[in-house]
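Engineer: Residue strings, one per chain:
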Amino acid sequence: MKTKLALENGSVFPGESFGASSEVTGEVVFNTSMTGYQEILSDPSYAGQIVTMTYPLIGNYGINLEDLESVKPQVAGFVVKEYFDYYSNFRATGSLGDWLEEHGIPGIQGIDTRMLTKMIREGGALRGVLSAVDLDDDRLVAKARRSPQMKGLDLTRQVTTAEPYRWDDIDRTPFALRPQARKDRNGRKWNVVAYDYGVKHNILRRLTSYGCSLNVVPSSWPAEKVLELDPDGIFLSNGPGDPAAVRYAIENLKKLIGRKPIFGICLGHQLLALALGGKTYKLKFGHRGANHPVKNLLTQEIEITSQNHGFAVDPESLDPSAIEMTHVNLNDNTNEGLRHRELPVFSVQYHPEASPGPHDSDYLFVRFLEMMEHQAVSVGSNAR
Amino acid sequence: MQSGEDNRIDSELLSSYINQTFRKESHQTLPKRTDISSILIIGSGPIVIGQACEFDYSGTQACKVLREEGYRIILVNSNPATIMTDPDLADATYVEPITPEFLEKIIDRERPDVILPTMGGQTALNAAVALAESGVLEKYGVELIGAKLDAIKKSEDRELFQAAMNRIGLETPRGAFVRSLDEAMEVVESIGLPIIIRPSFTLGGTGGGAAYNMQEYREKVEHGLSSSPIREVLVEESIMGWKEYELEVMRDLKDNVVIICSIENFDPMGVHTGDSITVAPAQTLTDKEYQAMRDAAKRIIREIGVETGGSNIQFATNPENGKMLVIEMNPRVSRSSALASKATGFPIAKIAAKLAIGYTLDEIPNDITKQTPASFEPTIDYCVVKIPRWDFEKFKGVDDTLGVQMKSVGEAMAIGRTFKESFQKALRSLEQDRHGLGMDGKDSFLVRELSESKRAEWRKKIIDRLKHPKPENVFYLRHALQLGVTPEELHQVTRIDRWFLHNIKQIVDFEEELTSYTL
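Chains D and P, in that order, give the protein sequences.
Residue numbering for the first sequence follows my numbering, beginning at -5 and increasing consecutively.
Residue numbering for the second sequence follows my numbering, beginning at 0 and increasing consecutively.
Chain D extracted, bound-state conformation:
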């Protein structure tokens, strides 16, 4: 079935449909991971985006129920060079196309994704429309131009949980990193409140693997209610959209900084920077892939990291006497991590939970645990 991808710059890519035969608009972005399309598609940070994979052969290993990052595909649409309907993997439970169709997500294949990627690299992320119902080029381009800009968009409301919930699940597949639970001095699990701005399940699985007991709360959950739970630490999740538009979250964080150890990932990192008085800006075409080299400025070691972000923290906007930059992207020298010099607050722009991507940065979960352990000791010494 014919389908088309049209962009706000006037380009139209005709191709073949797979998945659902519908029409969607979104920001068109590219991801350079060679594996992990299932994790990418189900990552809530891609809400509102039409994702294209630079790797041309997609669908090869089908879909399985173990590797999802949320309960359903979250992208607006999916764009590939060659979709392979015949899958081969012992864990596969179905084809990628069927799964997308079941959830009403349209896909297009057979287009020159390399040309599309170059267009985005040169012109920046573009708004687009993917349609199997309307094939008129002019109408499609007009629709792309009318669709909302990503800048200024709070998309966390669309993907956050409606109600708080507890999470105790760990990844039990033979491919998971081993659980390395670290209990507190009394043999208790660490009580952590996790803000869900669009959280990937593997972050929750990694935290529980390390011995955390999680209360996951909606993105707008008031700081006072978080403190009522008297957690050992607070986690800030990844999520979609423009961080500066999530004002309520920034206000809540201002009340929490200094009260409890805080660890943020991706959007959580950006929100933390904003709450610390910094600024964020939109990157030209973003970082989306599983091979970004990041240097830990404190140890000089290099991590190959998994990334997915369109906005970044401006390190110049933060007070260097209070905030230290801890990680930098070796490709473009953008900020990848920060910590407070005095308070137990740190965050990274990339994804230590991987999924998809390398496990090089899993140590950051240990840092969070150590921070909570240390607070327990220091609170104990204060009490004495």
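Any given hint could be a false lead.
Capping the alpha-carbon separation at 25 Å, the derived lysine-lysine pairs in DSS-like fashion look like this [to be verified]:
1) D/K(-4) - P/K419
2) P/K419 - D/K112
3) P/K369 - D/K112
4) D/K112 - D/K(-4)
5) P/K469 - P/K424
6) D/K278 - P/K369
Hints are computed from structural coordinates only; laboratory data are not their basis.
No experiment lies behind these values; they were computed from the predicted model shown.
With chain D fixed as given, assemble chain P onto it according to the hints.
Structural biologist: For chain P alone, kept in the frame of chain D given last:
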């Protein structure tokens, strides 16, 4: 319940703590080595099957880059038809036999500070081991760089390797050396059937084979014991038909490890990698499975102790349940490194040479981008296929069945946006007068012209033939599909992954479609 005030954090204590944990061991920047001035590079000698021009490529790269760095390069390679022996590539070139005796004479005369043995294939590595073990290196105060003696031995001695893998929680094919039928009977208890029997020290593995029942097992062990000059056989778990993967890994002195390329073999375990069609990157691994393999590779290069440079690690996975075994690791630049370099644009040999003299991955610029460092993992937006070339016409009487001993004499690689495109281009590039799979007018017979009875006969013949891996088999896969054999049936016969077979089927289907049109 604590008061709100007590809940606040002792920030001074904490920041001192954070400093100490985050900054655990801040490594100093490692400069290029200035304590050495001359380097002996060992080449790979004459071209033989399994060791051809790929090591001229890696050795030439090493000579160039180390010379640029200002070191005096001493080169030994007995093969004059190599680029590396061109006079301007080294400061002193010895076209001499690569034997411990000649190498000692060269060392005595040239007094190199270090030897780089990882660029000249197994020949160079073996020569370095001999020099180390006979005390020559110690006598002249020469150091091995790239791979130390311990690392080489750990990767090559089967028992040391197995023990090393077990220490880091990885599995190798189970097996043991036995010297009697009684011992053999104990081993088979724990491993089960089918089982592979390999007599020690027999030429070309004669007297070995697979056993599918106990009677066969007893017979083959007895036969193996009597054909082994030291009455010893290795009995090993059979992983014939498992999927085979390779990872190209690099490590530097600061312990940064990056994976350059993943490779998936079209042919299953049982066919030597050099005789397999191989594809980069891996096609049928989910990210979870790939990352488990990547983690394993990092643990392996660290445990074996390859301090700097590239290594090649081979894995087998069970297609039924994903169980992963480590097959072997080469602590040196290998045949696959040349392929991985060309497939990704990451110059493995050149970077490995730089790492050997103390540079770290983040200090070396990436050749392609110039602006980013070499400490990254290439990601590609295309598919690479390598197909071996055999020349059995020149080796009359040699069995052309492919197995654990490499028989191909060359290879061709192609890049395309789909597996099908790369596969067709590589096949055409072999220069064996075939212009790809199908439609090249070179078929010895046309399936559509066969009579009904002939079709049945050919179907059986072709399936029988495909039971044994042979050079021309890809062409027979096409004939089988044309005769209506399904990819599933072909998978049962060949154990080639269904994903590859479905790709081949798409090529065949497209051919059918094209032939249905008229001009």
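Engineer: Confirm or reject each hint.
Structural biologist: So, going through the hints one by one against the coordinates:
1. Proposed proximity of D/K(-4) and P/K419 is supported: the alpha carbons are some 23 Å apart, at most 25 Å.
2. Distance restraint check for P/K419 and D/K112: the Cα-Cα separation of roughly 24 Å lies within the 25 Å cut-off, and the hinted pair is therefore satisfied.
3. Simply put, P/K369 and D/K112 have alpha-carbon atoms about 19 Å apart, close enough for the 25 Å limit, and the pair holds.
4. With a CA separation close to 24 Å, the supplied pair D/K112 and D/K(-4) stays within the 25 Å bound.
5. For the hint linking P/K469 to P/K424, the alpha-carbon distance of about 20 Å falls within 25 Å, and the restraint holds.
6. Between D/K278 and P/K369 the CA atoms are separated by roughly 21 Å; this keeps the pair inside 25 Å, and the hint holds.
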